[in-house]
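As you go down the protein sequences, you meet chains S and C in turn. Residue 246 in full-length UniProt numbering sits at position 246 of the first sequence, with consecutive numbering throughout. Residue 119 in full-length UniProt numbering sits at position 119 of the second sequence, with consecutive numbering throughout.
Hint data in this document are derived by calculation from the structure and do not stem from the laboratory. For each residue, glycine too, the CB sits at the ideal point set by N, CA and C. Any given hint might turn out to be false.
Unchecked claim - Chain C side only, calculated, beta carbon under 8 Å to chain S, not exhaustive: (1) L15; (2) K19; (3) N20; (4) E64; (5) S67; (6) T71; (7) A78; (8) S81; (9) E86; (10) S93.
Number of protein chains: 2
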Amino acid sequence: MIVVHKYGGSSLADLDKIKNIASHISKLSDAGEQIVVVASAMGKTTNKLIEMAKKISETPNIRELDSLMATGEQQTVALLSMALNELGKKSISLTGSQAGITTIGHHTKSRIKSVDPKIIISHLNRGKVVIVAGFQGMNQKGDITTLGRGGSDTSAVALAASLGARCEIYTDVDGIYSIDPRVYSDAKKIKYISYEEMMEMANLGAGIMETRAVELGKKYNVPIYVGESLRDHDGTLILNQDEIMEDKPITGITLNEDIFMVNIQHLPYSESLVAGIFNTLGKFELNIDMISQNITTAGTLDLSFSCFKREESLLKKAIEELKNKFEEISIEIKSDLIMISLVGIGMVSHSGVAAKVFNTLAENKIPFYHITTSEISISCTISKDHKKTATEMLAREFDL
Amino acid sequence: MIVVHKYGGSSLADLDKIKNIASHISKLSDAGEQIVVVASAMGKTTNKLIEMAKKISETPNIRELDSLMATGEQQTVALLSMALNELGKKSISLTGSQAGITTIGHHTKSRIKSVDPKIIISHLNRGKVVIVAGFQGMNQKGDITTLGRGGSDTSAVALAASLGARCEIYTDVDGIYSIDPRVYSDAKKIKYISYEEMMEMANLGAGIMETRAVELGKKYNVPIYVGESLRDHDGTLILNQDEIMEDKPITGITLNEDIFMVNIQHLPYSESLVAGIFNTLGKFELNIDMISQNITTAGTLDLSFSCFKREESLLKKAIEELKNKFEEISIEIKSDLIMISLVGIGMVSHSGVAAKVFNTLAENKIPFYHITTSEISISCTISKDHKKTATEMLAREFDL
Chain S
1 MIVVHKYGGS SLADLDKIKN IASHISKLSD AGEQIVVVAS AMGKTTNKLI
51 EMAKKISETP NIRELDSLMA TGEQQTVALL SMALNELGKK SISLTGSQAG
101 ITTIGHHTKS RIKSVDPKII ISHLNRGKVV IVAGFQGMNQ KGDITTLGRG
151 GSDTSAVALA ASLGARCEIY TDVDGIYSID PRVYSDAKKI KYISYEEMME
201 MANLGAGIME TRAVELGKKY NVPIYVGESL RDHDGTLILN QDEIMEDKPI
251 TGITLNEDIF MVNIQHLPYS ESLVAGIFNT LGKFELNIDM ISQNITTAGT
301 LDLSFSCFKR EESLLKKAIE ELKNKFEEIS IEIKSDLIMI SLVGIGMVSH
351 SGVAAKVFNT LAENKIPFYH ITTSEISISC TISKDHKKTA TEMLAREFDL
Chain C
1 MIVVHKYGGS SLADLDKIKN IASHISKLSD AGEQIVVVAS AMGKTTNKLI
51 EMAKKISETP NIRELDSLMA TGEQQTVALL SMALNELGKK SISLTGSQAG
101 ITTIGHHTKS RIKSVDPKII ISHLNRGKVV IVAGFQGMNQ KGDITTLGRG
151 GSDTSAVALA ASLGARCEIY TDVDGIYSID PRVYSDAKKI KYISYEEMME
201 MANLGAGIME TRAVELGKKY NVPIYVGESL RDHDGTLILN QDEIMEDKPI
251 TGITLNEDIF MVNIQHLPYS ESLVAGIFNT LGKFELNIDM ISQNITTAGT
301 LDLSFSCFKR EESLLKKAIE ELKNKFEEIS IEIKSDLIMI SLVGIGMVSH
351 SGVAAKVFNT LAENKIPFYH ITTSEISISC TISKDHKKTA TEMLAREFDL
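Isolated chain S (complex conformation):
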């Protein structure tokens, strides 16, 4: 059985950690696992490289930025392979390109187009541990590319898919919890979660795995294990809903505190005006989310959406342009709200989940403002001050 292990930057932050991972992999290999390791850059290396680039240019050329950033992972995999060799374990490091990973799309956020696993397989067949630089590949022009946020997870799942392998994502948390344990210490660890729920939770701000990687897992039906490095296998397994027996309406709660809510009020009703507003926002490449629109009794529009606090400067520019273009609109930014979301594939078959959510909040005197729903999630904004109570009450209600 081939297993793809992925180790993140914090698991490989220094040379001692690299040696520990090497020794762990060596033991598993001795026990018969055929192992492909996908490694990220050591610790904060990628950030340091980006800082250097920013000192050269405010907006560094992205082809060159990719080539620069890719060196981080190349260094880790070479060092990890040396460490395995030092332990007497045959191994070989490969860059994304050497590993057969072809990408398409823009530099710094490319997507994996295809994986040709024949080089990896030939090394596995010669008894080697194969160590692949995550986060990177090569496009058809022969340029080095990177995959953007969470790219190493995507590399790992894509390699697992091409090898018909299991994928194991090792990180510094010991699995996926129904609620962030830093917020709700009684939160339960989830043993099994469906791809859909995991994607929804990732989208809604639970920072453990990137959506794209989970999506790829779903597409190619790759079982993805998420757990702590060097620990027992008591983490979380992400798989198809069909394979999960448990039947709960809600699997997890996520909190997103990194948001501004933008309210645009008393707009004269006009589709072209609304479209114009979103065109302008789109031009600035703002990540906007949780859009809701209501028609008031007066026949005007109330429009609101959330956007990330980290994109504040972009948002301000966008709003300035909006105000210039559409003089009639009034815009308010609220920074004292958080988004609380309940995710669960069971929601589809359990009716009355939304009612139960709103009842629970109301009984505890927690006002909620904007509401959006998807097939498997309900999100609403509440005041920051109610974060703890709302989480606890909802967790108790849905047995999380």
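Fit chain C to the supplied structure of chain S, relying on the hints for placement.
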């Protein structure tokens, strides 16, 4: 006219230096030069990477070491290309492999097998400055390889050869001097020097350019300019002897203080014994040089050779094995000698150069011990204490 510029690590030691080089290149490009830049790793990067590897393993796997070290140059070229882009100058960075450099031979000391310049040419034709990572290439297995000491010079000359270009090596000295100016401050800068003399001087310890790069220049008749970065063109040009008009017997003096002289005395005369001694030395891959052998009047052999001080630990192991194998021999290591060498292609046509050298030394009461000669050089060992006097007297005698 295509020109290959090579910048060493000290010219690119920090981001400000990289920006300065970018601005210099940009101006030359505006003035019409088609420029290919070969860059080394920034400052001490390569040493730092080797240190990391040594912390993982005393003898790191050399394939992985190559892949690790190659990231240094990849980083520099990406940053330099960003800096050019920032100045509005179109440019592209290429790894050794992307630039079409194929290597053969062992990892960490590969040789360039061939250069396919078509990618470089296509970028030049589109008006770009092309920036190539020095010191590296890819072997036929697709592994990243490095070229060993002075590898970036070799990359630059090989690219120049494949492009029919001139090669300009920019460094932190302003040219090649007849004698190291730190030893003899009146030393003259050499305007033209032949490939042969330059190779001999490099071999004899003048640390400016690696022999291999000069050899390659000779083979493909690439004119090589050596001078200081960002300065006027008043350095040294290395070219064919035919193109040099000047007719002096001696072009330069080199001093090598990094040597031990090993004397083996009173050996019974036997070819197989001498061969056995060199076989043993060869097994330890010691760089031995300046071998001299004399038959004494008593019919025994005196044998001596020089070897690098930096290889002391290897030498000690070799001597131990020699003593075990050949119990009859007595070995003495002398560490108080230096080698002084006079190099000049003119020596071939000027008779009596050796006599003039020895006379000069004798007149100044400077004893000289071991002597070796090649077609274009005379070397002898003298005491460290006589370094200054010997250099000055010989420089005056030969007008250097």
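Results for each hint:
no. : hint : verdict
1   : L15  : 5 Å, holds
2   : K19  : 7 Å, holds
3   : N20  : 12 Å, violated
4   : E64  : 4 Å, holds
5   : S67  : 4 Å, holds
6   : T71  : 4 Å, holds
7   : A78  : 4 Å, holds
8   : S81  : 5 Å, holds
9   : E86  : 4 Å, holds
10  : S93  : 6 Å, holds
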